[in-house]
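*Asks:* Spelled out, the chains give:
2 protein chains.
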Amino acid sequence: MTDRETIVSRLSMLRAEMKRAGIDVYLMTTSDCHASEYVGDRFKVVEYFTGCTSDNVVLVIDATGAYLWTDGRYFISAQGELEGTGVRLMRSGEKGVPTVGKFLQDTLHDGMVLGFDGRCVNADTGAGYRRIAASRHCRIEGRADLPSKIWIDRPNLPQNPVTILPDSLAGESFESKLDKVREKFLEAGASYLFLSKLDDIMWLTNLRGRDIQCNPVALSYALIGRSTFDLFIQDEVVTDTLSLWAREKRIKLHDYHDLYDYLQDYHFEGPVMVCNSATNDSLVHLLREKTQVINHQNPTEMLKAVKNAVEIENSKKFYLLDSAQVCRFIYRIKKAVAAGEDVTEISAAANIDALRAEIPGFMELSFPTISAFGANAAMAHYAPTEESCSRVDAPGMLLVDSGGQYMGATTDETRTIVFGEVSQKMKRDFTLVAVSNLALMNAVFAKGTTGTQLDAIAREPLARYGLDFNHGTGHGIGYILNVHEGPQRIGRPRRNAEDPAMEAGMITSDEPGIYREGEYGIRTESITLCVPAATTEFGEFLKFEPLTYIPIDLDAIDPAYMTDTDLLRLNEYHAMVREKISPLLDGEERAWLEEATRPVSRV
Amino acid sequence: MTDRETIVSRLSMLRAEMKRAGIDVYLMTTSDCHASEYVGDRFKVVEYFTGCTSDNVVLVIDATGAYLWTDGRYFISAQGELEGTGVRLMRSGEKGVPTVGKFLQDTLHDGMVLGFDGRCVNADTGAGYRRIAASRHCRIEGRADLPSKIWIDRPNLPQNPVTILPDSLAGESFESKLDKVREKFLEAGASYLFLSKLDDIMWLTNLRGRDIQCNPVALSYALIGRSTFDLFIQDEVVTDTLSLWAREKRIKLHDYHDLYDYLQDYHFEGPVMVCNSATNDSLVHLLREKTQVINHQNPTEMLKAVKNAVEIENSKKFYLLDSAQVCRFIYRIKKAVAAGEDVTEISAAANIDALRAEIPGFMELSFPTISAFGANAAMAHYAPTEESCSRVDAPGMLLVDSGGQYMGATTDETRTIVFGEVSQKMKRDFTLVAVSNLALMNAVFAKGTTGTQLDAIAREPLARYGLDFNHGTGHGIGYILNVHEGPQRIGRPRRNAEDPAMEAGMITSDEPGIYREGEYGIRTESITLCVPAATTEFGEFLKFEPLTYIPIDLDAIDPAYMTDTDLLRLNEYHAMVREKISPLLDGEERAWLEEATRPVSRV
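Sequence order for the protein chains is A and B.
The numbering of the first sequence is our numbering, which starts it at 1 and goes up by one.
The numbering of the second sequence is our numbering, which starts it at 1 and goes up by one.
One chain only, chain A, in its complex shape (with noise of 0.2 Å):
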């Protein structure tokens, strides 16, 4: 961690640049040149200037303060992070908090300048900086990248190979995908696609790579026409194989830095389709300049949610092999605390990891694995450090959140470990995230119903309650991609955002969960595959089927918050665990899942 004086000195010598280059405000986020989620080291300018390392975040700083806004997941660590930095902690969506949007319109004054690196702002969130900068007779800067400036280190790209997936591994070849996407966009009056989304391109494409990690994909811009298809990428990742592919794909390749300059030369025969959410803002307003631009989600997105019969068979195989690792990790932990054995987050968490990668196929890890005992899981996405390391021990509670990248998958699960005879409210609160868990699993729901529809019927029995949590119960992953991918989304309604009806093939998490701050966090995360439930007079229906086949610990479980519904489809889940994760264990540790995996009755 940066020391607090550090931050301080690099927040002022900011504010210098900000003087220099005229800039009275100036906006940082958590984003690379491709609007990613996760990014390289790079682009942890936020994390450089004040020491957060929230994943979601927009700084924003003027002449006298530092206002960070982040979500839900991260209050509690992001205000231990901040603590004698002087940057406020936003607590975004909390009463009286203002919006980034609604914080600059109060700011900004007639005439003053609010700067930015518009490569790291998507063109939806710039555009509405810009809107709010003429209501406010402000300018925009929004070429200023000040960070290079002072973070004299500052990392460079990275550059790693790039592999090719097999056909029979992707279960789809390019030429197929492509013609689908050319179809939609076509269909839509664009005569180009550009994509900018790195998972987009690597699915497209059926490359992968590894220049962000966790994320299997490699930097690259794609432009495809007609009948051409433009990918850059750095050159120094081309070999002699990938020249040789793009070669038979009738795909141009371009180095990664040409960008900017190909696109200023190119004469664009007609509109070109952008993902303004998905595109940074700079390539946006370059793209206007040369053509007409038509806003609309990527037409990969939706291809690439809905899993083709390959996709889907892979990710079966190794979730089973993934759930019986984890089965094997729970049965170990357990053990060793019982023994007294001297367990920490961080043994813990390298004991997953090690466990995962014992498994042929294993690539990396699809997130790093968020290992939190006690109130330290109060925090959503919580990750030890060697001096902030709470030991595991009974009575209390571990949440692991983990999962991995194999060459047929890419998982992700959670499961709330109880050590001991832990609090009756301790139990409730299990209980009822594992019935809110079981409640969406077992849902059946007509074709045409949206994740924020779905949402409702996770939080109903914690809301029975009072209870509720501060993110998100769904998302959609990737295929040997993004751990977190759209369109769809199971959550609360957002304004203005997509809200797309669930389809059969889509891999969705399950995840809710309850934190108390300074006490303790449950959070149960099982992976589902949307599948078809039947088809009468009255339409299709949908539902679930889990991939993750892991214990839910029976020793919080209450059946006191259940009801007999409840108990039931919490002792056919268990069921199915131990059909399908039994084989794969022996002697100490399938006796182990036996007992894990016992039916639950009321008295």
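Keep in mind that the hints are not guaranteed to be accurate.
A pair counts as met if it fits within one copy or between any two copies, since identical chains are not told apart.
Stated by the list, open to error - Quick list of in silico lysine-lysine cross-link-like pairs, DSS-like style, CA-CA up to 25 Å:
#, residue 1, residue 2
1, K543, K425
2, K447, K580
3, K290, K316
4, K447, K102
5, K180, K44
6, K317, K184
Derived from the structure by calculation, the hints contain no laboratory data.
For chain A, the structure is supplied; the task is to place chain B on it using the hints.
*Replies:* Structure of chain B alone, referenced to chain A:
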């Protein structure tokens, strides 16, 4: 009903008028000049030209064809009404059926003219037509009132007396409401608010009229400035009392018919707020010529939806009286049918209407009673006529959807009454509708939860059995006002439609159903009041409390399709019905209620 020959002849006269006016495609909707849901006879142009009595209709006529769009509630009835007329039924929302917009896009060619009466099309819809016409290089003729040229005896506007509600009945004075409304539109940057939505004007002024059957509204418009209030109402209905009232309230009265001239000459000193979806196309165009128009939901909408303490108290009182009469009705009709008496859909409707009229404070029905037996009930909004009236007989089910306007409430409720031993399939469907109704009624949810989210909770128990229904699950209800009122709505997500959060104080229906064409229809509708459930460290939570207390017919309840929770909910609801309604009944009726609300168990 108009005979087929008349329809055919009227349509050919219309085509002749179209030719004369140089219009290639003419469009008609069932709308008055106020974008009302229900309209006076003058505006039933689609019925005049097609014989179709559906409420929500768009008719498009070109040189060779006529196409009528309506929604799922009317598919079955419209099909029958249109038979032999040459008008093609377009089932909105069904697979392969284009929207009106898509149809126009396909029909309009270069140079063609699309005509409609802009006073009877809301400005949002009008703008959509304009966009389509422009994209097809066609012209719009938005002031073409062709129906009046053919419909010689077209009814005039009604001119019925206006009532002033005392503040003690309205629960809030006009002045207090006006302050709140002014604050809202000034806050949004408007200097004026223009209202044409009749129930919004009635709510704000505390006036009530009788110009639309079942809707206690007076034809009117209002232009509200920073310190002015212009009310346009027909001179013929202005009494001395009303003039005096207006003077006291500093309201300037104008003749309803002077509106367009007045606006044409008005000097606007700032932007005017108008709700495009609730104001006709001609008016919005006129306002746009005069000043800047801010398209915004009427601020009256949300204020009106959240009922005040007096409105809630009176509603509770009248809903009990109303429920008691429906209980009497059910008791009597069950007895009559069992005794082999001659009961028809019409006699049943007359019976419930008469019972309602006995309640002190009764004004009129809140909508024409729906009394539908057997297969007729599969038409969600069926109304019996002398010619097509079924006898009510055992075994079978009678769906009665009815309500009243009282000097203290607007009511609405549906029960499906069971006669004799109905089939196992009917029992299953009936039970699942009850389960759905009770699931929504018992929902607990965080503040911020929207109607489309709650919809998933209602439909889930049906989806589990491959069942669904083709209408909304719930609508807001007025207070001595329209039986359908926004902005809240429990239903499937709609593109670009508002989906406001449910708020404490809202009165909303809960009315799932199952309709099997040619067989039977079931709907169970209770009205709910949204109330606080709890406030905890996790936020505020809301729930529903029933206003309707009428038994759900146990003769078709099969506990085999209910969970223990479902059974508990049914028994709890019936215990409340018994407790609240028994004191309002006597003798045999009371004894029947005891039996009709008996606890049900699985054995």
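*Asks:* Evaluate each hint against the coordinates.
*Replies:* These are the hints, each one checked on the structure:
| no. | hint | verdict |
| --- | --- | --- |
| 1 | K543 to K425 | between (32 Å within a copy, 24 Å between copies) |
| 2 | K447 to K580 | neither (29 Å within a copy, 40 Å between copies) |
| 3 | K290 to K316 | neither (46 Å within a copy, 64 Å between copies) |
| 4 | K447 to K102 | between (38 Å within a copy, 22 Å between copies) |
| 5 | K180 to K44 | neither (36 Å within a copy, 47 Å between copies) |
| 6 | K317 to K184 | neither (32 Å within a copy, 57 Å between copies) |
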